[in-house]
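Work out the full structure: start from the sequences and follow the hints.
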Amino acid sequence: MKDMLKKQGSNICFAFIVILLALVPVMFSAGLMNSSTVLFLGKCIAFAVVAMGLDLIWGYTGILSLGHGLYFALGGYAMAMYLKLQSTGGKITDFMHTGGLEELPLVWKPFLNLPLSIVMIILVPAVVSGVIGYFIFKSRVKGVYFSIISQALTWAAYSMFIALSPYTNGNVGITEIKSVFGSIKGDANRGNMFLLFYISLGIMILIYALCKFLVGRKFGKLLIAIRDGENRTYFSGYRVSRYKTFVYVLSAVIAAIAGAVFVNFNGSITPSQMTIAYSITMVIWVAIGGRGTIIGAVIGAFLINLCEYNLSSGAMVEIWQYLIGALFCITILFFKGGIVGFVKDHFPGDKKAAPAAQAKTEEAKV
Amino acid sequence: MTNENILEIKNISVCFDGFYALTDVRTNVKRHTVHFFIGPNGAGKTTLLDIICAKTKPTSGNIMYYPEGREGIRLTGMKEYKIVEEGIGRKFQVPSVFVNLTVLDNMILSLKGHKGIFDSIFGKPSKEDMENIDSVLERVGLADKKDVRAGSLAHGQKQWLEIGMQLVSKPEIIMLDEPAAGMGKPETFRTGEILKDIKKECTVIVIEHDMDFVKQAADIVTVLHEGKILMEGNISDVLADKTVQAVYLGRGGE
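Chains as they are written, first to last, in this note's numbering: chain A, 1 to 366; chain D, 1 to 254.
Check each hint, because a few of them may be wrong.
Think about it this way: if two alpha-carbon atoms lie no more than 30 Å apart in a straight line, the pair counts; the simulated BS3-like pairs of lysine-lysine are [to be verified]: (1) A:218 x D:127; (2) D:82 x D:112; (3) A:344 x D:146; (4) A:218 x D:115; (5) A:218 x D:112; (6) D:146 x A:7; (7) D:112 x D:127; (8) A:138 x D:55; (9) D:196 x D:215; (10) A:212 x D:242; (11) A:142 x D:127; (12) D:127 x D:82; (13) A:138 x D:115; (14) D:199 x D:170; (15) D:127 x A:344; (16) A:218 x D:170; (17) D:145 x D:127; (18) D:79 x A:218; (19) D:124 x A:212; (20) D:185 x D:124; (21) A:218 x A:336; (22) A:344 x D:145; (23) D:57 x A:138; (24) A:218 x D:146; (25) A:138 x D:124; (26) D:57 x A:142; (27) A:138 x D:82; (28) D:115 x A:142; (29) A:336 x D:146; (30) D:127 x D:10; (31) D:145 x A:336; (32) A:7 x D:124; (33) A:138 x D:79.
I should point out that these hints are in silico values taken from the structure, not numbers from a laboratory.
Take a look at the structure:
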């Protein structure tokens, strides 16, 4: 029994989170929760997904990307473009009119139907990250230099999205959209909202299973090997740059899927999801939850966002950013393993994942 | 008749910003020997290994490699992972095992072949591979440490693990940069015995300072000094040589 807890700790913890989330619509129906909380938890699911992708590349492979907001936003925009065209009935949008366009631009055409849009959600970030990753990792750029480049690229993309306002609606972003399953606002559309919520939860489970599968194989050990001794891995005969590019693309695609889920709950996407600050926030989730554990990323994403949701109103709004920054510094300096690492160290073997899950439960109930 | 040399180092020179780390180095390494490179600090020993495994590019000269029963291969200009695939393994000066993985995982990552992404996601080490790992761990004396995190091994054990990682990839040449550094007398002796044991299967190139260790394990010794070869021969000739004594041994073995 103890042995099982030790081995399956993170899976048990994840199952616990999933069960809690699965109860959310039930609690909402029972009147224990308001609809904005449900939508917020939906967004948290998206955040947990992107955090897992980041954990693969940072926690396991040791590549600190400060630009995953870019891929999150690319997925988000792709989804939003489809949803926008759904609401205009395939016609050209207001902001295109204002920008002087007469007909639907070519880049918007694939988003007229859903299957093609889904392909684009995955393909666009895969190609972008593939090209970037190929050149960066082939020339063996690493460490802080990679982080700086990833920031710069994100900034460039952000500026581009603002500049191309006839196509992207600039600063305002794509707004006034419904979810894939139709409107999720109001009592009449409760069914749509639940469907969306459970589908998103399903996506989170799939991504978790995928990540867990990958890190459990030799592939996962190799990522750790690259993190701990990149040169050594080269001299063991592995083409490290290929592995790095592969993980980079994988985490970018996961981020894009998360972005697509996010848009459904948020009802809009703006370039602010593409900013460096936003990208760094994602890194903070992973750091605080615990790097290199997958489950840590999920816990971190939920915990930080739930704190922010509950604390960043009223008097706390001013100091919240400072608080989260301080928390990040403390984690990096004193608790390198984040929450999960802390729990592992203090409850070796026995009941290791339980306390973290407990803490989460309290939060979720607020 | 195959070439009795497995490695031919031909007129290698390396120049770092005008400073010649190696000048016109020319030597051969024979199959199934333990070949030592010794010399004072800065003599260019590590640079020579760097060149063999393509970590450093030579300014001039080239290196030919004759694998058993195959055509000769020109190593100069090849990528490092290709050289590993061809059967040349290298152990660095600092023990560099993957500290966060278990001894067994370290060995699995070092197995020959299956280095692709697809293989590492879906592949599993075969039964022969696992048996091979077990027998190598037995030889380097780590059979009971399989599930121990490599980072928590003692210094000497890390060095042996790294030798084991080289062995399990079935190389034709193993290059070891100061394998006995930081080891006590009994551990050093043990390492020497391991080297003598593994030369049956492959050729061993070693850089070392510890003269007792050299005496114990060496078949051939090449003495480097200021980037040039001072002399080459068996250990007793080298020890008896006056010049070698003057530049190297005279300084108390350092």
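Verification of the supplied hints:
Restraint check for residue 218 of chain A and residue 127 of chain D: satisfied, since their Cα atoms lie roughly 16 Å apart, inside the 30 Å limit. Proposed proximity of residue 82 of chain D and residue 112 of chain D is supported: the alpha carbons are some 12 Å apart, at most 30 Å. Our distance criterion of 30 Å between C-alpha atoms is met by residue 344 of chain A and residue 146 of chain D, whose separation comes to about 22 Å. The suggested pairing of residue 218 of chain A with residue 115 of chain D holds, with an alpha-carbon distance near 10 Å, which does not exceed 30 Å.
The straight-line distance between the Cα atoms of residue 218 of chain A and residue 112 of chain D is roughly 14 Å, inside the 30 Å bound, and the hint therefore holds. Restraint check for residue 146 of chain D and residue 7 of chain A: the C-alpha separation of about 18 Å stays at or below 30 Å, so the hint holds. The straight-line distance between the Cα atoms of residue 112 of chain D and residue 127 of chain D is roughly 14 Å, inside the 30 Å bound, and the hint therefore holds. The hinted pair formed by residue 138 of chain A and residue 55 of chain D meets the criterion: a straight-line CA distance of about 16 Å does not exceed 30 Å.
Between the alpha carbons of residue 196 of chain D and residue 215 of chain D the distance comes to roughly 12 Å, so the proposed pair stays at or under 30 Å and holds. For the suggested pair residue 212 of chain A and residue 242 of chain D, the alpha carbons sit about 64 Å apart, so the restraint of at most 30 Å is broken. About 37 Å separates the Cα atoms of residue 142 of chain A and residue 127 of chain D, which puts this hinted pair outside 30 Å; it is violated. Only pairs whose Cα atoms come within 30 Å are accepted, and residue 127 of chain D paired with residue 82 of chain D is accepted, the gap being roughly 26 Å.
Our distance criterion of 30 Å between C-alpha atoms is met by residue 138 of chain A and residue 115 of chain D, whose separation comes to about 17 Å. Restraint check for residue 199 of chain D and residue 170 of chain D: the C-alpha separation of about 12 Å stays at or below 30 Å, so the hint holds. At most 30 Å may separate the alpha-carbon atoms for a hinted pair to count; residue 127 of chain D and residue 344 of chain A exceed this at roughly 33 Å. The straight-line distance between the Cα atoms of residue 218 of chain A and residue 170 of chain D is roughly 19 Å, inside the 30 Å bound, and the hint therefore holds.
The suggested pairing of residue 145 of chain D with residue 127 of chain D holds, with an alpha-carbon distance near 20 Å, which does not exceed 30 Å. Distance check on the hinted pair: residue 79 of chain D and residue 218 of chain A sit about 24 Å apart at the alpha-carbon level, within 30 Å; holds. Restraint check: the Cα-Cα separation between residue 124 of chain D and residue 212 of chain A comes to about 17 Å, which is no more than 30 Å; the hinted pair holds. Note on residue 185 of chain D and residue 124 of chain D: the hinted pairing is violated, with a Cα-Cα distance of about 39 Å set against a maximum of 30 Å.
Proximity of residue 218 of chain A to residue 336 of chain A is assessed by CA-CA distance (about 24 Å); at most 30 Å being required, the pair is judged to hold. For the given pair, residue 344 of chain A sits about 22 Å from residue 145 of chain D by alpha-carbon distance, which is consistent with the 30 Å threshold. For the given pair, residue 57 of chain D sits about 18 Å from residue 138 of chain A by alpha-carbon distance, which is consistent with the 30 Å threshold. For a cut-off of 30 Å, the pair hint linking residue 218 of chain A to residue 146 of chain D stands: about 16 Å separates their Cα positions.
Restraint check for residue 138 of chain A and residue 124 of chain D: satisfied, since their Cα atoms lie roughly 28 Å apart, inside the 30 Å limit. In summary, the hint linking residue 57 of chain D to residue 142 of chain A is supported, as the alpha carbons are separated by about 21 Å, within the 30 Å threshold. At most 30 Å may separate the alpha-carbon atoms for a hinted pair to count; residue 138 of chain A and residue 82 of chain D meet this at roughly 16 Å. The straight-line distance between the Cα atoms of residue 115 of chain D and residue 142 of chain A is roughly 22 Å, inside the 30 Å bound, and the hint therefore holds.
Between residue 336 of chain A and residue 146 of chain D the alpha-carbon distance is near 27 Å, which keeps this suggested pair within the 30 Å criterion. Pair hint residue 127 of chain D plus residue 10 of chain D does not hold up; C-alpha atoms about 41 Å apart against a cutoff of 30 Å. For the given pair, residue 145 of chain D sits about 27 Å from residue 336 of chain A by alpha-carbon distance, which is consistent with the 30 Å threshold. With a C-alpha separation of about 21 Å, the suggested pair residue 7 of chain A and residue 124 of chain D falls inside the 30 Å cut-off, and the hint holds.
Among the hinted pairs, residue 138 of chain A with residue 79 of chain D is consistent with the structure: their alpha-carbon atoms are about 12 Å apart, no more than 30 Å.
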